[in-house]
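Given these sequences and hints, build the entire structure.
There are 2 protein chains.
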Amino acid sequence: MTTISILGSGIMATALSWPLTDNGHEVRLVGTHLDRDIIDSIKATGVHPNLDLQVPEGVRAYQLEEAEEAFEGAEIAMSGVNSFGVRWAGEQLASLLKPGMMVLAVTKGMEADESGNLRILPEVLASEVPEDLRERVTWSAITGPAIAGEVAVRHDTCVVFAGLQADVLEKLAQTFRTDYYHVWTSTDFVGAEVCAAMKNCYAFGGGFMEGLLDKEGKSEAKYRRYNYAAALFGQATRELGQWMQLLGGDPETPTGLPGVGDMFVTTMGGRNVKAGRFAGAGVPFSEVQNERMKGVTLEGVAAIRVVGGALLRLTERGVVGPEDFPLMRHLYAVVAEDEPLNMPWETFFGGERKAKARKG
Amino acid sequence: MTTISILGSGIMATALSWPLTDNGHEVRLVGTHLDRDIIDSIKATGVHPNLDLQVPEGVRAYQLEEAEEAFEGAEIAMSGVNSFGVRWAGEQLASLLKPGMMVLAVTKGMEADESGNLRILPEVLASEVPEDLRERVTWSAITGPAIAGEVAVRHDTCVVFAGLQADVLEKLAQTFRTDYYHVWTSTDFVGAEVCAAMKNCYAFGGGFMEGLLDKEGKSEAKYRRYNYAAALFGQATRELGQWMQLLGGDPETPTGLPGVGDMFVTTMGGRNVKAGRFAGAGVPFSEVQNERMKGVTLEGVAAIRVVGGALLRLTERGVVGPEDFPLMRHLYAVVAEDEPLNMPWETFFGGERKAKARKG
Numbered sequence: 005m006t007t008i009s010i011l012g013s014g015i016m017a018t019a020l021s022w023p024l025t026d027n028g029h030e031v032r033l034v035g036t037h038l039d040r041d042i043i044d045s046i047k048a049t050g051v052h053p054n055l056d057l058q059v060p061e062g063v064r065a066y067q068l069e070e071a072e073e074a075f076e077g078a079e080i081a082m083s084g085v086n087s088f089g090v091r092w093a094g095e096q097l098a099s100l101l102k103p104g105m106m107v108l109a110v111t112k113g114m115e116a117d118e119s120g121n122l123r124i125l126p127e128v129l130a131s132e133v134p135e136d137l138r139e140r141v142t143w144s145a146i147t148g149p150a151i152a153g154e155v156a157v158r159h160d161t162c163v164v165f166a167g168l169q170a171d172v173l174e175k176l177a178q179t180f181r182t183d184y185y186h187v188w189t190s191t192d193f194v195g196a197e198v199c200a201a202m203k204n205c206y207a208f209g210g211g212f213m214e215g216l217l218d219k220e221g222k223s224e225a226k227y228r229r230y231n232y233a234a235a236l237f238g239q240a241t242r243e244l245g246q247w248m249q250l251l252g253g254d255p256e257t258p259t260g261l262p263g264v265g266d267m268f269v270t271t272m273g274g275r276n277v278k279a280g281r282f283a284g285a286g287v288p289f290s291e292v293q294n295e296r297m298k299g300v301t302l303e304g305v306a307a308i309r310v311v312g313g314a315l316l317r318l319t320e321r322g323v324v325g326p327e328d329f330p331l332m333r334h335l336y337a338v339v340a341e342d343e344p345l346n347m348p349w350e351t352f353f354g355g356e357r358k359a360k361a362r363k364g
Numbered sequence: 005m006t007t008i009s010i011l012g013s014g015i016m017a018t019a020l021s022w023p024l025t026d027n028g029h030e031v032r033l034v035g036t037h038l039d040r041d042i043i044d045s046i047k048a049t050g051v052h053p054n055l056d057l058q059v060p061e062g063v064r065a066y067q068l069e070e071a072e073e074a075f076e077g078a079e080i081a082m083s084g085v086n087s088f089g090v091r092w093a094g095e096q097l098a099s100l101l102k103p104g105m106m107v108l109a110v111t112k113g114m115e116a117d118e119s120g121n122l123r124i125l126p127e128v129l130a131s132e133v134p135e136d137l138r139e140r141v142t143w144s145a146i147t148g149p150a151i152a153g154e155v156a157v158r159h160d161t162c163v164v165f166a167g168l169q170a171d172v173l174e175k176l177a178q179t180f181r182t183d184y185y186h187v188w189t190s191t192d193f194v195g196a197e198v199c200a201a202m203k204n205c206y207a208f209g210g211g212f213m214e215g216l217l218d219k220e221g222k223s224e225a226k227y228r229r230y231n232y233a234a235a236l237f238g239q240a241t242r243e244l245g246q247w248m249q250l251l252g253g254d255p256e257t258p259t260g261l262p263g264v265g266d267m268f269v270t271t272m273g274g275r276n277v278k279a280g281r282f283a284g285a286g287v288p289f290s291e292v293q294n295e296r297m298k299g300v301t302l303e304g305v306a307a308i309r310v311v312g313g314a315l316l317r318l319t320e321r322g323v324v325g326p327e328d329f330p331l332m333r334h335l336y337a338v339v340a341e342d343e344p345l346n347m348p349w350e351t352f353f354g355g356e357r358k359a360k361a362r363k364g
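As they're listed, the protein sequences go chains A and B.
Counting from 5, one number per residue, gives the positions in the first sequence under this note's numbering.
Counting from 5, one number per residue, gives the positions in the second sequence under this note's numbering.
Calculated directly from the structure, the hints in this document are not laboratory data.
Since the model is a prediction, treat every value here as computed from it, not as a measurement.
Hints may be right or wrong, so weigh each one.
If chains are identical, the list can't say which one is meant, so a pair holds when it fits in one copy or spans any two.
Stated by the list, open to error - Here are the simulated DSS-like pairs of lysine-lysine, each with C-alpha atoms no more than 27 angstroms apart in a straight line:
| no. | residue 1 | residue 2 |
| --- | --- | --- |
| 1 | 298 | 226 |
| 2 | 219 | 278 |
| 3 | 358 | 175 |
| 4 | 278 | 222 |
| 5 | 226 | 47 |
| 6 | 175 | 47 |
| 7 | 278 | 298 |
| 8 | 358 | 102 |
Right, here's the structure in full:
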């Protein structure tokens, strides 16, 4: 039996307690200051209000002030906060981690510095932990297509645990694997995390299709705009490959679970896609953010701001060409510069009207 | 102005008359013996009954016995029949083609010989034309995500014209390109066509998700099975890459419009996905084919029979390993051997429980 302590009791962090308790492990779920009501509910009735499910027997819930007790003796320490809380979570872990613990993060996103240099979030998380301790624990992350509620109702889910140490990844995988939660491992930590972050950006475009139909008064029309969505999916996959080249990931990672797999599931729905639908319908994005979806957490949109802003810096510095990443640039123009949606098709796939046919 | 004569008046062939006539070209649409009612309808009222749309002004419809007149003076000769009619179409073209014509096919699929050797359908089409004539015309094909009705209502669509001669492809592309029908070109003829055929097979699995929910009485449940569908999409993309290695396509072709783009759109619906849903719900496939969907043309299912059968031959011959293409093998077992759906997850992505983490 392994003890797993999780900081953050959002739906993804909590959903993982199903495979873990099915395997007989002890799960300790610690709420952040934003999760107080969730922890109260689990303590009182066992129900996670956002998942709308009774958490498994044996999951123990803790308020933040009980975190030290919750992390005592844990072999696996998880960060289950979203991308906005990653630095805060790192600060907390600085005092909760003990040498030898295996850290596993579920947060997806990127951070950029003023020069446009991009970092994966597990690295940002680790950077908040003093160097001496940081090097005496291990850092890994979960990537791949996993809607939390589906894991919690034990529907088949295939994920990739990514990190630098193959032996650690295999230990973690063995702890989580069940007959419905299928775990592969990959030492392409950067590639898997970059895909995880970027697909959140590209999935925003998954809403454009319905939005365009709304705008044209064709919301119920027989002929939809799947061709449009499919073309975006293809260009997004191409750009995932270019991110690998730029940031040092394995070129095969975008074609697997952390890439097209996760992008597929994220494109199917959720808050980001809903925001994309408003953009597709012609609502200026400032109005989407400040009125239509005011107060709603939009991680994908936040990631577009980070990545698209970094692209501008990287282009100024000549690190990427002005014709690279045309889809990401247009997503940035829509969300950060209030530009109307006007897909630059002719710039996709290396350019439509280039004189010569390209192989592939 | 260019004259384009099309053999076959199904929905895809007919839909292409919108971009062509928008560009001022002359379109002559020739029905096969199965299309008699379609041609009668277009001649009488202008309406294509299956598209449920009025075809553009200037499209001229011909019955099969008027084919010779229809192909007289054409610069572009299209084959618009489905995969079942490809040899028949080749026989017709043998007497309709004239030296110098550019042939463009929309048919997607593969043919296998008794040893399991696979051939792309444009090659099969050409093989029915006597060698002397065959070499005095050019052969190209349209690949990429295009639902016919969406093209016909002028919704943005991005496709790839694939063939061996870059200059011919560019001429064809210029003839078809409009501000909604976007055309790229590729000289990876084999790769693009193999992707086009294989994605029809894999899209059958797109129905399993809903079928499993039907079986479990969860058709209306809050938590779906998108994780399942996303994992299949990832494994299918991996297998597309392996087909490129085996059959000689460019490794980048699966990551673009002919690969993930077309697989995305095909997974979203249609008859094949409906058949897959029955399979997911636990209906033996013989019952799906002979009762539930009796008489319905299922090109994807037919392609699974061809490709899966070829895989068995290729494995016997040692050309592919028994662990290669596990998803295609299971699709074959379901449709051709009446096996129950039981996804072999542990065999996907190179094997779940291999001792060492693999890069990527």
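Same-copy or cross-copy closeness of residue 219 to residue 278 [CA-CA at most 27 angstroms]: within (14 angstroms within a copy, 30 angstroms between copies)
Since the copies are identical, ignore which copy is meant and state whether residue 226 and residue 47 lie within 27 angstroms (CA to CA) inside a copy, between copies, both or neither. Cα proximity of residue 226 and residue 47: across copies only (24 angstroms, versus 49 angstroms in one copy).
Should residue 175 paired with residue 47 be assigned to within, between, both, or neither, using CA atoms and 27 angstroms as the limit? Classified as neither: same-chain Cα gap 30 angstroms, cross-chain 70 angstroms, threshold 27 angstroms.
Alpha-carbon proximity context of residue 278 and residue 298, limit 27 angstroms: within (13 angstroms within a copy, 39 angstroms between copies)
Taking 27 angstroms as the upper bound on the Cα-Cα distance, should residue 278 and residue 222 be classified as within, between, both, or neither? For residue 278 and residue 222, both the intra-copy (17 angstroms) and inter-copy (24 angstroms) Cα distances are at most 27 angstroms.
Give the relationship of residue 358 and residue 102 under a CA distance limit of 27 angstroms: within one copy only, between copies only, both, or neither. Neither. Shortest intra-copy (57 angstroms) and inter-copy (30 angstroms) distances fail the 27 angstroms Cα cut-off.
Measure nothing new, just compare the shortest in-copy and cross-copy C-alpha distances for residue 358 and residue 175 to 27 angstroms and report within, between, both or neither. Cα proximity of residue 358 and residue 175: across copies only (12 angstroms, versus 50 angstroms in one copy).
Given identical chains, is residue 298 near residue 226, meaning Cα to Cα at most 27 angstroms, within a copy, between copies, both, or neither? Answer is between; shortest inter-copy Cα gap is 25 angstroms, intra-copy 32 angstroms.
The structure shown violates the earlier hints numbered 6, 8.
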